[in-house]
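Trainee: Okay, here's what each chain looks like letter by letter:
Number of protein chains: 2
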Amino acid sequence: MIYGSIEAGGTKFVCAVGSDKLEIIERIHFPTTTPKETMEQVISFFSKYKVSLKSLGVGSFGPIDIQKKSKTYGYITSTPKIAWKNFDFIGELKKYFDIPIYWTTDVNAACYGEYVAGNGVGLSSVVYYTIGTGVGGGALQDGRFIEGFSHPEMGHMRILKHKQDLFGGNCSFHHDCLEGLASGTALEKRTGIKGQELDKSHPAWEIEAFYIAQCAYNTTLLFSPDRIIFGGGVMKQAHLVEKVREIFTDLLQEYVQIPAIDTYIVTPKLGDNAGTIGCLALAKEATS
Amino acid sequence: MIYGSIEAGGTKFVCAVGSDKLEIIERIHFPTTTPKETMEQVISFFSKYKVSLKSLGVGSFGPIDIQKKSKTYGYITSTPKIAWKNFDFIGELKKYFDIPIYWTTDVNAACYGEYVAGNGVGLSSVVYYTIGTGVGGGALQDGRFIEGFSHPEMGHMRILKHKQDLFGGNCSFHHDCLEGLASGTALEKRTGIKGQELDKSHPAWEIEAFYIAQCAYNTTLLFSPDRIIFGGGVMKQAHLVEKVREIFTDLLQEYVQIPAIDTYIVTPKLGDNAGTIGCLALAKEATS
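Protein sequences, first through last, are from chains A and B.
Residue numbers for the first sequence follow numbering that gives the first Met the number 0, so the first one is 0 and each next one is one higher.
Residue numbers for the second sequence follow numbering that gives the first Met the number 0, so the first one is 0 and each next one is one higher.
If you're looking for bench data, these hints aren't it; they were derived computationally from the structure.
Some hints here could point you the wrong way.
Stretch by stretch, here's where chain A covers chain B in the computed footprint (C-beta under 8 Å, at least three residues) [unchecked claim]: (1) 135–147; (2) 249–259.
Think about it this way: if two alpha-carbon atoms lie no more than 27 Å apart in a straight line, the pair counts; the simulated DSS-like pairs of lysine-lysine are [said to hold, decoys possible]: (3) A/Lys-80 <-> A/Lys-235; (4) B/Lys-11 <-> B/Lys-84; (5) B/Lys-160 <-> A/Lys-160; (6) A/Lys-160 <-> B/Lys-242; (7) A/Lys-235 <-> A/Lys-11; (8) A/Lys-35 <-> A/Lys-49; (9) B/Lys-160 <-> A/Lys-162; (10) A/Lys-35 <-> A/Lys-94; (11) A/Lys-49 <-> A/Lys-20; (12) A/Lys-242 <-> A/Lys-268; (13) B/Lys-162 <-> A/Lys-160; (14) A/Lys-188 <-> B/Lys-160; (15) A/Lys-84 <-> A/Lys-70; (16) B/Lys-235 <-> B/Lys-162; (17) B/Lys-188 <-> A/Lys-160; (18) A/Lys-242 <-> B/Lys-235; (19) A/Lys-11 <-> A/Lys-49; (20) B/Lys-162 <-> A/Lys-162.
Computed from a predicted model, the values in this text were never measured in an experiment.
Backbone N, C-alpha and C fix where the C-beta goes; we use that ideal spot for every residue, glycine too.
Let's have the full structure, built from the sequences with the hints guiding it.
Mentor: Structural data, given as structure tokens:
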């Protein structure tokens, strides 16, 4: 038996099948275009494995409807990506695959991946953020996602502007929320240079770290998690996490006694595989 | 059999005994002075009931150590109230009462009270804040407190200053965090008038509501709870919650579909009894 993983990101989809031990057997990716075109590729990939596919784990960009009693459970809801708004993701999959499907956000899936096989192993409470094209976050406590009327949308928390930041923010809902100021897109708009090409001495990194540190600060005060993991494209700049730790420590003023800072604020152990591993593990979860 | 409740607030202690049905049988309160003097009153009150007292629930001001494996479990830790710093609260109680004791923060206890007998009944996820002398918050999901390396310290989240607010904030750790700007103490320092004497047309209420609305906003984005309950002395101004709802709605920009606003942001059903009822319920919990 094998498990299927669908990481439905706003920019690209990653589909994979994996073993009971969460080993990836095959994986493909393709850009997120229209629902029709994109879902055709999803269906086509998994159709090859239809006989042995036991379940699917889906981590989707959002907001999504996760309320099982809701009429629109399994839908992508109020996304700014117009073509995907109110798209019945799970309904579409169910037309082709009559198997259990776990449905959650892309960041929750990555959080789960790190929780079961990465930097969250053995801990009780973990919060995961992705700082990429957008910013999103997910949290787990004792193996359960933090949620209520819906899943969290942590990327849109409010933060203070850096005094030297002249960029107004680019969140279409809130302008200068965390995502509006700290996403890879915001970083590029602020400097005119892509993050991966931005020299590590560039002052924009100080601004970026200030925003992520505030995110870590609020996360600490609201969840007191055992660990905060920052993933996503922007965090691939190895110098950034150290800057974040420094500013965070300064903000906290030792008000609470956190675990050792180098083990408290970290990047993902699984790197880009966190989402895939997480979706596979959630697919397994869906069968239990 | 009866249960005991100790609400250990920074300003006053409330001790009570109650029935299996969480009915309050007797309750007393006295100011928080030195640990010696205050604890003598606590011990004296419960000694009357020693024969029938089955367990105790304690909700304490903090930060406190809730890690059962820690050497300082049951202690008040880094509080700015010097006399109580590193005070072994549970150790002191255990000298006199060899019964199960539930140990948590004052706000967690109040949150639990509302969860089991107030405005949280029947919901999965509830966050409770007290806006009083200080600001604190606690959260429950499916009956379990949100926690990790420690309990949350939500009152110290960072928020944006109101443009018309000239007060610098009075948190001794972070100056202008939520507590530093929105506590009853801050409100009085800003205006020179006690909150309960401040006319509802005073512009300070708009500033106060702006801060509490940001708190509700961040709470929504990080937890997506089913309900947020704002208690504490400052919230007794009935006009305030309506202002908070208005500003919160404006901040959210309908990014996520919250429950109906009048049921989403509310004041405590149990009023000042939330903490006592919560501690009694937690005392019961400690025996199971």
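Trainee: Tell me, in ascending order, the numbers of any earlier hints that this structure violates.
Mentor: 18
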